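Protein chains in written order, with the working numbering: chain A, 2 to 142; chain B, -5 to 547; chain C, 12 to 269.
One or more of the hints may lead you astray.
[As the list claims (entries may be wrong)] Computed cross-link-like contacts, EDC-like style, restricted to lysine to aspartate or glutamate with a CA-CA straight-line distance of at most 20 angstroms:
| hint | chain 1 | residue 1 | chain 2 | residue 2 |
| --- | --- | --- | --- | --- |
| 1 | C | Lys226 | C | Asp241 |
| 2 | C | Lys243 | B | Glu374 |
| 3 | C | Lys197 | A | Glu81 |
| 4 | B | Lys115 | B | Asp295 |
| 5 | C | Lys16 | C | Asp241 |
| 6 | B | Lys370 | C | Asp50 |
| 7 | B | Lys366 | C | Glu244 |
Since the hints were derived computationally from the structure, they do not count as laboratory data.
Computed from a prediction, not measured in an experiment: that's the story for all the values here.
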Amino acid sequence: MSTPTVDYANVPLPEVRVMTHRLLSAETTEKILNDIDVIHNLRQINMSGESLPRTINSGPAKGLANNHTERKVIHVNGHEVELHCLVGAFYIELSVTDEAEMDKTVDEIKAAFDRTIPDGYTIDVGRYSKYRPSLHDYRSA
Amino acid sequence: MAAKDQKLFLEACKKKFKEEPTQMETKYYCYGGWKQSKRKVELQATAAEIAKKRGFPMMNEDIGVPLGQRSWMPYQLSHTDIFVEPDDLHCINNPAIQQAWDDIRRTVLVGLDSPHQTIEKRLGKEVTPETISNYLEVVNHTMPGGAVVQEHMAECNPALVADSYVKVFSGNDDLIDEIDPRFVIDINKNFPKEQAAQLKKAIGNTLMQAVRVPTMVGRLMDGGTVSRHAAMQISMAFISAYKLAAGEAAIADFAYSAKHQSITMGSMMPARRVRGPNEPGGITFGFLDDMVQSDRVYPDDPGRAALETVALAAGIYDQVYLGGYMSGGVGFTQYATAAYTDNILEDYVYHGIDTIKDRYGGFCGVKPDDYKKQLKLADEISSYALEMYERYPAVMETHFGGSQRATVTAASTGIVTAMATGVADNGLNAWYQSMLQHKERTGRLGFYGFDLQDQCGSANSYAYRSDEGLPMELRGPNYPNYAMNVGHLSGYAGIPKAAHLARGDAFVANPMIKVAFSDKDLVFDFANVTKEFGRGGLREFVPAGERTAVIKG
Amino acid sequence: MAKYKRQFFPGTTTPAKNRRRYLDPKVKLKQLRDVPMDDVVRIMGHRAPGEAYKSIHPPITEANEPACPIRKLVTPIEGAAAGDRVRYIQFADSVYFAPISPYQRAWMYLSRYRGVDTGTLSGRQIIEMRERNLEQVAKELIDNETFDPALTGIRGATVHGHSCRLDEHGLMFDGWQRYLWDDKKKEVMYVKDQVALPLDKKIYVGKPASMSDLKKRTTIFRADGVDMRDDKEVTDFYLRIHTLRTLGGYRPFDVKGE
């Protein structure tokens, strides 16, 4: 359980959104995550992409293992993460106190993506994800 | 940061935060801000507790920086800073969407002129501002379910029906000035001066009641009951207020006028789709347009008003009516919400407004019969929207289905063309032009059931002949070609609104509906539709008609 | 009056010309690969190679057909004559310069084949036919220039992907990964049939075309390719359809000289 997410969930911290021009393989995802994991002032990273189901969930093949080659365990900062998306976007929430610090952090993020993503990307800063709990979060309450 | 990127960053922040990102003292950078609110701290504590139990979705605590994965990003409610999950906007989950519909369904407008004539001419009693105020006090007791006439009458629990009330309005300022202001919807106070003048002129001396029966009544019975509930309780109030004998034949006149000389929000539908009055399929686009109040509160932003109309129509027509009443099952939430989330239609419409201001003479700058110019404009607006999908993969993936792209593209084209010509039918014609262009350009559109209505739409866009056409203001979900037209109705409703906004009209089809929905005592705020839907998703919206008062807690 | 000559599609630009070629049944489309018929049958997954066709009615010659002038007029296609089931193949076409897109598929099928039933959606296009005829058509459509291994998917169900960004190998996304990139051969291979049941063998469908080649072959107008606004004839064509339909329903007496 990650406590920080709820600690500041009601506050719209600035976020860096990186959309890669291509959907990334697990290998590239692992590489870029390790590259940005070391940057300071990041509160959390959310990745989004196209879902890779573990099993086929409809049709005549329902119930069979999907065996998608990119749904696999990657290693980030020495820890195992099971990917279940073909990642195409990163939402990086910043914990910065002023604009200069934000610019510096954004520059470091850019440098990491320049190094790792050969097919290019777009980057912008704003707020793109939820920061207050919504009905969905209370579903099991 | 390079100069170019710096600019992009500033623009993005400005757009997202709607304020200068360089202003560091704003609410967005005040990280501890929410802690100032006791309620929010409590909410936060609850959230933390719940989160502890269930685990935050997909978060991995072991990594240096917490890492999450998801295949759906939350939706941002357009022109707000609210983000919610897609299922938070399902009309079964979202109490604000439900209340928007409840507030429409429980409204009926009942004139007082006819009953006043009955009282004066048939019964020989005097009607004065004082007697009217007295009647209003009584009817505000009867309408929620209070008894006045007979003994041993069971009454409704006030906690269940607290949202029910009756107020009056008129174009006659002198009359309104004399009536107890607690029971008045004051056009002069609610509307900008120019709009108030138009509305008063259109309404004239008529004294009209905006009746809100309890939300619970609409839910337990149906929209058809609303005028009956109103008629019964209005009759009781007349009997009591004017000290009439309950058995007099004249009483029937009150009931008759309340049931049959009233304005319902939706008309009855034919047997094959049978519903009573005040059900969503019977609401014309013009009426729905008049319920939207953005142009009253933000008169300088017609784009917002058109977009708010699209949002309300998406909730009422696409989600509740077509997704619920007609289709049944889980409905069309994700399809309908494309029109009012993530500021995509926003971008297209505001770009279109800039275009007509720059090169087409502004609002009503294209003559409605200058068809060549209209074709050129619509071609341009529609191309811009399609180009955005082509240039920005994020936009293409947000509207990953062709029907979403088709609706949003055509809606922007229709809305902007309606603004340029000031005529809704021209906007509608441009909608169909966009559909044909879209299909030709990309080689794809929605799906066959979606596309077919748009392939024949050009032919009925100007037609006024019975069963083939109608002015756009008077069409609605029950118009023959639109009866199962999911994903279209939100955009359609925006078109007549846009035309009348451009003309500077204070209303689209019915000035009385416009005034009735300007009342602050409605549960749903019709001036801030997307915000209300968002508050519904955030658990901040408090609906009416809850049964907690009669359930052991 | 001059004899009417089918023009198939207007336009002067590449996508317009491609549409014309695809729609004109006299144009023999380029065959870019030769996927064996048995493999086509495997990918479709309706029957095993060599298995007899299942029938839903006796051969027409053995049936007591009612006396009907239409039946006399129309020669049944082979599968109909034999009583085959109606089966399908469905293609998903990426928005990123796939060689063909759903509407052109529908028009092309109706222009080139008999006995077809097509359904057109934004990302996919289904064609239904009597089984033995379907197999011949499916092979043609996989072998010829309307197919690209990376940007055309053979997907009977769960087709999401047409609007997604491509992956690092340039393949259109498929959550069920019916096809894979073979990095050694630089080719695309199918490992599951069109409804994602695993195949017994890998079926290679060839090398994807380069983006510059695809831009020459596509029927799709795009802002980052050929914009439809740059093709006056196509623009005039759609505007003409719109205007005539509009007048037809509003002021039909104003339609003159058409």
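Status of the hints after comparison with the structure:
| no. | hint | verdict |
| --- | --- | --- |
| 1 | C:Lys226 with C:Asp241 | holds, 15 angstroms |
| 2 | C:Lys243 with B:Glu374 | holds, 14 angstroms |
| 3 | C:Lys197 with A:Glu81 | violated, 30 angstroms |
| 4 | B:Lys115 with B:Asp295 | violated, 48 angstroms |
| 5 | C:Lys16 with C:Asp241 | violated, 26 angstroms |
| 6 | B:Lys370 with C:Asp50 | violated, 50 angstroms |
| 7 | B:Lys366 with C:Glu244 | holds, 16 angstroms |
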